[in-house]
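Enquirer: Residue numbers (my numbering), protein chains in the order written: chain A, 1 to 108; chain B, 1001 to 1158.
Heads up, some of the hints might be wrong.
In silico DSS-like links for lysine-lysine, alpha-carbon gap of 30 angstroms or less [what the hints assert, rightly or not]:
#1 Lys1103/B <-> Lys75/A
#2 Lys67/A <-> Lys1096/B
#3 Lys87/A <-> Lys1103/B
#4 Lys1143/B <-> Lys87/A
#5 Lys1016/B <-> Lys67/A
#6 Lys42/A <-> Lys1143/B
#7 Lys87/A <-> Lys1016/B
#8 Lys42/A <-> Lys75/A
#9 Lys27/A <-> Lys1143/B
Covered stretches of chain A (chain B as the covering partner; in silico rule of three or more C-beta atoms under 8 angstroms from a C-beta of chain B) [unchecked claim]:
#10 19-25
#11 58-67
#12 83-93
It is worth saying that the hints were derived from the structure and are not from the lab.
Just so you know, even glycine gets a beta-carbon here, dropped at the ideal spot from N, CA and C.
Next come the chains, spelled out residue by residue.
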Amino acid sequence: MESKFYEKDKLLVFKITEEIDDHSVQKIRRKADYEIERFMPKRVVFDFNCVTFMDSAGIGLLVGRYKFANLLGAKLEVTNLTQSVNKIFEMSGILRLIPITTLEESIA
Amino acid sequence: MEEHFENEMNLEFISKSANEAFARISVAAFASQLDPTIEELADIKTAVSEAVTNCIIHGYENEFGVVKIHAKLNQNKIIVEISDNGKGIENIQLAKEPLYTTKPNLERSGMGFTIMESFMDSVDIESIVGVGTKVTMSKKIKKEETNQEELSQMTSMP
Chain A
1 MESKFYEKDK LLVFKITEEI DDHSVQKIRR KADYEIERFM PKRVVFDFNC
51 VTFMDSAGIG LLVGRYKFAN LLGAKLEVTN LTQSVNKIFE MSGILRLIPI
101 TTLEESIA
Chain B
1001 MEEHFENEMN LEFISKSANE AFARISVAAF ASQLDPTIEE LADIKTAVSE
1051 AVTNCIIHGY ENEFGVVKIH AKLNQNKIIV EISDNGKGIE NIQLAKEPLY
1101 TTKPNLERSG MGFTIMESFM DSVDIESIVG VGTKVTMSKK IKKEETNQEE
1151 LSQMTSMP
């Protein structure tokens, strides 16, 4: 997972590059929480453009980060959902909580 | 009547979460003999990943154990049995409920069985407390949709 913080917009973007399962979320979770606490962003966006696989561990990951970001006053959003990722999110109802967004050209 | 299976495979590995990817990719490679669509293959991978994760986290509670996969191909259908000799499920009906999880502290979503049931045609769970759990799933690969155009595209691929 790559991350980038945009100081001016207080925007933290996580670009997930690995397959998301119970194994990989452990590392993603640690890194995401560390960076959210470090940068104290107003907006946190998870970019799924490079995600080729995701199972229900991805739902747990996002709900957990949603709660953590909320606690620190940040808003959580997702972007570039692939078809298979979208299928899992739709099923879970998580998109009622976490909106889909698009990143400006300069950022994405 | 004795059933005749066109192909079968067995896989055994220890209950390490690093093996979740190995398991789903292996079953997908085996299933690819039925010429599934990318979406059907993704469905199988996801369902296998959920079942294997259950064995590791719930069956063995991250302790050492062996996860077994037995997969069969019969005409255009794949049948996958995934089993463990772990702690077993006390209440299968409850375990199948969407959002129900015994491990919310591990950020588990409680969607595992719901995903298996919606991505596969059938999901059967057998479990004995203290003995283990076996999940049997099947999915029919629909071939009709492959039209001539798609076929010629596939054959022209490098």
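Enquirer: What are the numbers of the hints that this structure violates, sorted from low to high?
Expert: Hints 6, 9 contradicted; others consistent.
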